[in-house]
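Enquirer: Each chain, written out:
Number of protein chains: 2
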Amino acid sequence: MTNRIANQMAEELRKASRVALFSHVSPDGDCIGSTLGLGLALEALGKEVYMYNSDPIPRNLGFLPGVKKMRTELPAPFPKVLLFVDCTDLQRVNLESGDFPADSLILNLDHHISNQNFGHINWVDSQASATGEIAYELIRLLGVKLSQDIATNLYTAILTDTGSFKYSNTTSKTHQIAGELMDSGIDFGDIHHHVFDRTPLAKLELLRRGLNQLQVLAQGQFAMMTLHKVDFEEIGAEESLGEGLIDHARTLEGVEVAALLKEVNAVIRVSLRSNRWFDVNKIASHFGGGGHKRAAGCTLEMPLEEAKELLLQTIEEELALGRS
Amino acid sequence: MTNRIANQMAEELRKASRVALFSHVSPDGDCIGSTLGLGLALEALGKEVYMYNSDPIPRNLGFLPGVKKMRTELPAPFPKVLLFVDCTDLQRVNLESGDFPADSLILNLDHHISNQNFGHINWVDSQASATGEIAYELIRLLGVKLSQDIATNLYTAILTDTGSFKYSNTTSKTHQIAGELMDSGIDFGDIHHHVFDRTPLAKLELLRRGLNQLQVLAQGQFAMMTLHKVDFEEIGAEESLGEGLIDHARTLEGVEVAALLKEVNAVIRVSLRSNRWFDVNKIASHFGGGGHKRAAGCTLEMPLEEAKELLLQTIEEELALGRS
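Same order as they appear, the protein sequences are chains A and B.
Take the first sequence: its position 290, counting from 1, is numbered 290 in UniProt numbering, and each next residue is one higher.
Take the second sequence: its position 262, counting from 1, is numbered 262 in UniProt numbering, and each next residue is one higher.
Treat the hints as calculated values from the structure; they're not laboratory data.
No copy is singled out in the list; a pair is fine if it fits within one copy or between any two copies.
Below, computed lysine to aspartate or glutamate pairings styled on EDC-like, alpha-carbon distance capped at 20 Å:
1. Lys293 with Asp197
2. Lys282 with Glu318
3. Lys166 with Asp190
4. Lys166 with Asp149
5. Lys166 with Glu180
6. Lys293 with Asp187
7. Lys293 with Asp190
8. Lys15 with Glu48
Let's have the full structure, built from the sequences with the hints guiding it.
Expert: Below you can see the structure in the form of structure tokens.
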């Protein structure tokens, strides 16, 4: 079944002379790496390729080969064949169906289980750790040689979506593909350095303040980190720079639940993480947010101190239940 | 050649009824994981197995299946067949040749290029990212089924020695083996959590103080972190707990050289790291220490403030040279 679909998609791409690739807003390593890997592969086949993303490229992905070819304007005119990469639906691309010609051929390549199968050909494999894995298979099907540039993009796609082969979406096939990508001579040490190892000073300063305001509560099972409005203002940091800081609280020995509370404008944005059994989605949903069992978030419209107290109380109650 | 040696070693192990395994002092994930993986495999073949390490098991490895079987006393009596795992020489095991019977059969399994080939059969493969890779091959040769327990140990061995598939010793074969180990149903998310994700509170507190005392110098190219005697005393932390903190300074954007200065007793212990071109070994050697180009260390016998100034001056000079 997947084989038939895969071959159909490859066949349509082989026939096309122009192809536009689209990837999702707030781009990450998987969508950019997969798009660039596929774009370079299609160029190698002599196609005219247009790669679109409505948002700027995250700074840690600026090293990717071909990244300068990404455009933030829509193609004019649109090619007949549109390839959507790592997008669950058209809204994720900042596009509506009226934005492109009605006779477009929509190819949909994705690994999200929630994919809306919005394409004419939908190659959606939720077993794949990253869309980069499926892009790898498509490139193989197209018979394109894995250049170092293509492999660097696909390796980055897989590396970022698996947290360096750590997240539970990683499979033995993930490792097999990573190994084959390495055989094309990529400098994977340099990729790791670019992707993970370059912390903006403002982020380290946020961490410093976060640690200074860290509380370990509920007999060491709950770690709560706080960032005040003044912290962001004094550093001149965007809220998004706080991403990942919560892991310093989550990975503390003995901690089961971690929270990061960010005072943003007049509300408190709460990120929640757990390690082994605690369902943070339940807590987040209770406050009108959501997510998964191990990672969720919500927004509280109240002063910071009140939010801290409310959260501590709710999580303590749930921790007590969980142990019983 | 390796094939012949590998088969010889497998043959000797198959013939043996009792085997003792030895691994090196200051044990790490590779030596403990490889030893346990091999030990469990030999037990599965019905051998009587004795596993020895002279030091305690690091706390992040306490979850490894079979770890309770490790002994800190030498076997009495010694078996005929002694298998040394991940040891460059006998000194690394805290053993001298007089400590065991002269008619012992010494099997030497290692991946260090500096291995002294001290065994009767030496299977030394410096291309392997970890001794765990070679142990995997030996277990395959022995025809033992990869149980979940064996695979957990070997995966941990490879994971720790490659820094989660990041270090330059990682090869496509490393990924291939990791994939095959995953197929035996290991809980690799749990392994990552145990190995990497459990920070003692004292360590996070050292980081907090380190960040509060971080200086970014030399136009952002040099980041210097300081920990005072009083920091260690107030936290009740060993000096060794400061390990790894320097990476927060090294990975700062724009930084080429990082230093961590620890005030220990009456001296200053200096750790040095660089990212791309700066030779920290040269700096360390200049002060009577040593190491590698990217990681080195030395000890300065002077007050902390004096050490900071001297280091800054030396590194600024070297940075200026490097740029010219």
